[in-house]
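2 protein chains.
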Amino acid sequence: MKKPLETKEITDRNLRQFVGYNMKRAFLAVREDLAQHLEALGLRMTSFSALAVIIENPDISQSRLAEALKIERSGVVVLVDELESADLIERGRVEGDRRQYALRATPAGEARWQAAEKAVQAHEDGIFAALTAEERRTLKALLGRVRRAT
Amino acid sequence: MKKPLETKEITDRNLRQFVGYNMKRAFLAVREDLAQHLEALGLRMTSFSALAVIIENPDISQSRLAEALKIERSGVVVLVDELESADLIERGRVEGDRRQYALRATPAGEARWQAAEKAVQAHEDGIFAALTAEERRTLKALLGRVRRAT
DNA sequence: TATTGTTATACTCTATAACTATA
DNA sequence: TATAGTTATAGAGTATAACAATA
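Taken in order, these protein sequences are the chains called A and B. Here our numbering = 1-based position in the first sequence + 47. Here our numbering = 1-based position in the second sequence + 47.
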C-alpha cells in the first residue's frame with residue numbers, strides 16, 4: 048500500500064536519451080500538423096506524396112510509384128483511385144504493354160501540386176519555427192542519412 | 048497513348064526538399080529496426096516506453112502515464128495489462144484513493160529494462176552508424192526542439 | 001460533479017495473399 | 001513463368017464514447 052501521491056513531476060529521461068524517441072515525438076507532431084494543412088487541399092499525406100512523385104516522373108507506372116513511396120502495389124491502387132477521382136491525375140495507356148498504366152498529372156493536378164507545395168512549406172515554417180534555417184537544413188540532411196543496414 | 052517506357056530513374060526531389068518527408072522515412076526505418084531488437088525481449092515499442100516511464104517514476108498512475116506517453120488512458124490499460132501479465136510491473140494500491148493504481152516495476156521488470164536499454168542502444172548504434180557521435184547528438188537535440196505551436 | 005480505470009467500438013494505415021490479364 | 005494491377009482481408013496502432021467505482 049502506497050501513501051497518497053504528492054503531485055510530483057513526471058520525467059522521461061529514460062526515453063529522451065534515445066534519438067528514436069525524440070524522432071517519434073517530432074514525427075507525430077509533424078504528421079498531425081501536416082495533415083491539417085493538407086486537409087484544406089483535399090489531400091492526405093500519402094496522396095500528397097504520390098502526386099509529388101507523379102508530377103516529377105510523368106508516365107510512371109503504379110509499380111514504380113509503389114517502389115518510390117516504399118509501399119505495396121495494393122496500396123497504390125487506392126491512392127491512384129483517389130487522385131484520379133479528384134481529377135488530379137489520369138491513368139494513361141502505354142503503347143506496347145497493356146498491363147501497365149502511365150500516370151500523369153492533369154492541369155488541375157499540376158495546379159494542386161503548386162498549392163500543396165506552398166502549403167507544406169508554410170506548415171514547415173510553423174512547426175520548425177524554433178529552428179533556424181540552417182538548423183532545419185542540418186536536420187533534413189541528418190535525417191536523409193539514416194538508413195537501415197542492407 | 049504513351050510510347051514504351053525506357054527504364055528511367057525515378058526521383059523524389061519534390062518530397063526530399065521537405066524535412067518532414069526525410070523524417071518519415073527515417074522514422075519508419077528506425078521503427079522497423081527497433082521492433083526487431085525489442086521482439087527478442089518480449090516488448091513492443093509502446094510497452095518499452097511505458098516500462099521506461101514506470102521505472103523512472105515509481106508509483107505513477109495510469110492517467111499520469113497516459114499523459115507522459117501522449118496516448119489515451121484507454122490505450123494505457125492494454126499496455127499495463129501486457130506488462131503486468133509478463134510480471135514486469137504491478138498495479139499497487141494507493142492509500143487514500145481507491146480509484147487509481149500505483150504502477151511499479153517488479154525486480155524482473157527492472158532487469159528487463161536494463162536489458163532493453165542495452166538492446167536499444169545497440170539498435171541505435173546500428174541504425175545511426177552513418178552518423179558520427181556528435182551528429183547523433185545534434186540530431187537528437189534538433190528533434191527534441193520540434194514542437195507544435197501551442 | 002470530476003476523476004480513474006475500463007470496455008467496446010471504430011478508424012487509419014498498411015501488409016498479405018489470391019486473383020486476372022497481359023507479357 | 002513473370003509482371004502489372006486489382007480485390008479482399010487482416011493486423012497494428014490509436015482514438016472515441018459510454019460506463020462503473022470512487023472522490
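If you are wondering where the hints come from, they were derived from the structure by calculation, not from laboratory data. Glycine included, each C-beta is placed from N, C-alpha and C at the ideal position. Hints may be right or wrong, so weigh each one.
As the list claims (entries may be wrong) - Derived contacts from chain B toward chain A, CB cut-off under 7 Å, selection only:
#1 L62
#2 F65
#3 N69
#4 L81
#5 Q83
#6 E86
#7 T153
#8 A155
#9 V167
#10 A169
#11 D172
#12 A177
#13 G191
#14 R195
Claimed, not checked - Here are the simulated SDA-like pairs of lysine to any residue, each with C-alpha atoms no more than 20 Å apart in a straight line:
#15 A:K55 with B:A152
#16 A:K117 with B:A152
#17 B:K55 with A:H170
#18 A:K71 with B:E164
#19 A:K71 with B:P154
#20 A:K117 with A:R91
#21 B:K117 with A:E137
#22 A:K55 with B:D144
#23 A:K71 with A:Q83
#24 B:K165 with B:A87
#25 B:K71 with A:K55
#26 A:K165 with B:N69
#27 B:K117 with A:A166
#28 B:K71 with A:A76
#29 B:K117 with A:A113
#30 B:K71 with B:R183
#31 B:K55 with A:R111
#32 A:K71 with B:A166
#33 B:K117 with A:R72
#34 A:K117 with B:T58
#35 B:K71 with A:A166
#36 B:K117 with A:R111
#37 B:K71 with A:R72
Hint by hint, here is what the structure shows:
Look at B:L62: its Cβ gets to within about 5 Å of chain A, closer than 7 Å, so that hint holds up. Checking B:F65 against chain A by beta carbon gives a least distance of about 6 Å; that is within 7 Å, so the hint holds. The beta carbon of B:N69 is positioned within 7 Å of a beta carbon in chain A (closest approach about 4 Å), and the interface hint is therefore held. The closest approach between the C-beta of B:L81 and any C-beta of chain A is roughly 6 Å, which is under the 7 Å cut-off, so the hint is satisfied.
A hinted interface residue such as B:Q83 counts as satisfied when its beta carbon comes closer than 7 Å to some beta carbon of chain A; here the least separation is about 10 Å, so the hint is violated. Evaluation of the B:E86 hint against chain A yields a violated restraint, the C-beta minimum of about 15 Å exceeding 7 Å. The interface hint given for B:T153 is violated, since its Cβ lies 15 Å from the closest Cβ of chain A, which is over the 7 Å cut-off. The interface hint given for B:A155 is broken, as the beta carbon of that residue sits about 17 Å from the closest beta carbon of chain A, more than 7 Å.
Annotation: interface hint on B:V167 holds; nearest CB of chain A at approximately 6 Å, less than 7 Å. Interface restraint check: B:A169 against chain A, minimum CB-CB distance 12 Å, threshold 7 Å, status violated. With a cut of 7 Å, the hint placing B:D172 at the interface with chain A is violated, because the nearest CB-to-CB distance is about 11 Å. Of the supplied interface hints, the one on B:A177 holds, with its beta-carbon coming within about 5 Å of a beta-carbon of chain A, less than 7 Å.
Interface restraint check for B:G191: the shortest CB-CB distance to chain A comes to about 5 Å, inside 7 Å, so the restraint holds. Because the beta carbon of B:R195 sits about 5 Å from the nearest beta carbon in chain A, less than 7 Å, this interface hint is met. Note on A:K55 and B:A152: the hinted pairing holds, with a Cα-Cα distance of about 18 Å set against a maximum of 20 Å. Restraint check for A:K117 and B:A152: the C-alpha separation of about 39 Å exceeds 20 Å, so the hint is violated.
At roughly 32 Å between alpha-carbon atoms, B:K55 and A:H170 are farther apart than 20 Å, so this suggested pair is violated. Note on A:K71 and B:E164: the hinted pairing holds, with a Cα-Cα distance of about 17 Å set against a maximum of 20 Å. Of the supplied pair hints, the one linking A:K71 and B:P154 is violated, its CA atoms being roughly 28 Å apart against a limit of 20 Å. With a C-alpha separation of about 16 Å, the suggested pair A:K117 and A:R91 falls inside the 20 Å cut-off, and the hint holds.
A threshold of 20 Å between alpha carbons decides the hint, and for B:K117 with A:E137 the separation of about 40 Å lies outside it, so the pair is violated. Between A:K55 and B:D144 the alpha-carbon distance is near 16 Å, which keeps this suggested pair within the 20 Å criterion. Annotation: proposed proximity of A:K71 to A:Q83 holds, straight-line Cα distance about 19 Å (limit 20 Å). Taken as a hint, the B:K165 and B:A87 pair is honoured in the structure, with Cα atoms around 12 Å apart against an allowance of 20 Å.
Taking the CA atoms of B:K71 and A:K55, the gap is near 34 Å; set against the 20 Å cutoff, the hint is violated. For the proposed pair A:K165 and B:N69, the alpha carbon gap of about 18 Å is at most 20 Å, so the pair holds. With a C-alpha separation of about 27 Å, the suggested pairing of B:K117 with A:A166 is violated against the 20 Å cut-off. In summary, the hint linking B:K71 to A:A76 is supported, as the alpha carbons are separated by about 11 Å, within the 20 Å threshold.
For the hint linking B:K117 to A:A113, the alpha-carbon distance of about 32 Å lies beyond 20 Å, and the restraint is violated. For the hint pairing B:K71 with B:R183, the CA-to-CA distance comes to about 17 Å; that is within 20 Å, so the pair holds. With a CA separation close to 10 Å, the supplied pair B:K55 and A:R111 stays within the 20 Å bound. The hinted pair formed by A:K71 and B:A166 meets the criterion: a straight-line CA distance of about 18 Å does not exceed 20 Å.
Taken as a hint, the B:K117 and A:R72 pair is honoured in the structure, with Cα atoms around 9 Å apart against an allowance of 20 Å. Distance restraint check for A:K117 and B:T58: the Cα-Cα separation of roughly 13 Å lies within the 20 Å cut-off, and the hinted pair is therefore satisfied. Taking the CA atoms of B:K71 and A:A166, the gap is near 18 Å; set against the 20 Å cutoff, the hint holds. A C-alpha spacing of about 37 Å is found between B:K117 and A:R111, which places the hinted pair above 20 Å, so the restraint is violated.
Among the hinted pairs, B:K71 with A:R72 is consistent with the structure: their alpha-carbon atoms are about 12 Å apart, no more than 20 Å.
In summary, the structure is inconsistent with hints 5, 6, 7, 8, 10, 11, 16, 17, 19, 21, 25, 27, 29 and 36 from the numbered list given earlier, while agreeing with the others.
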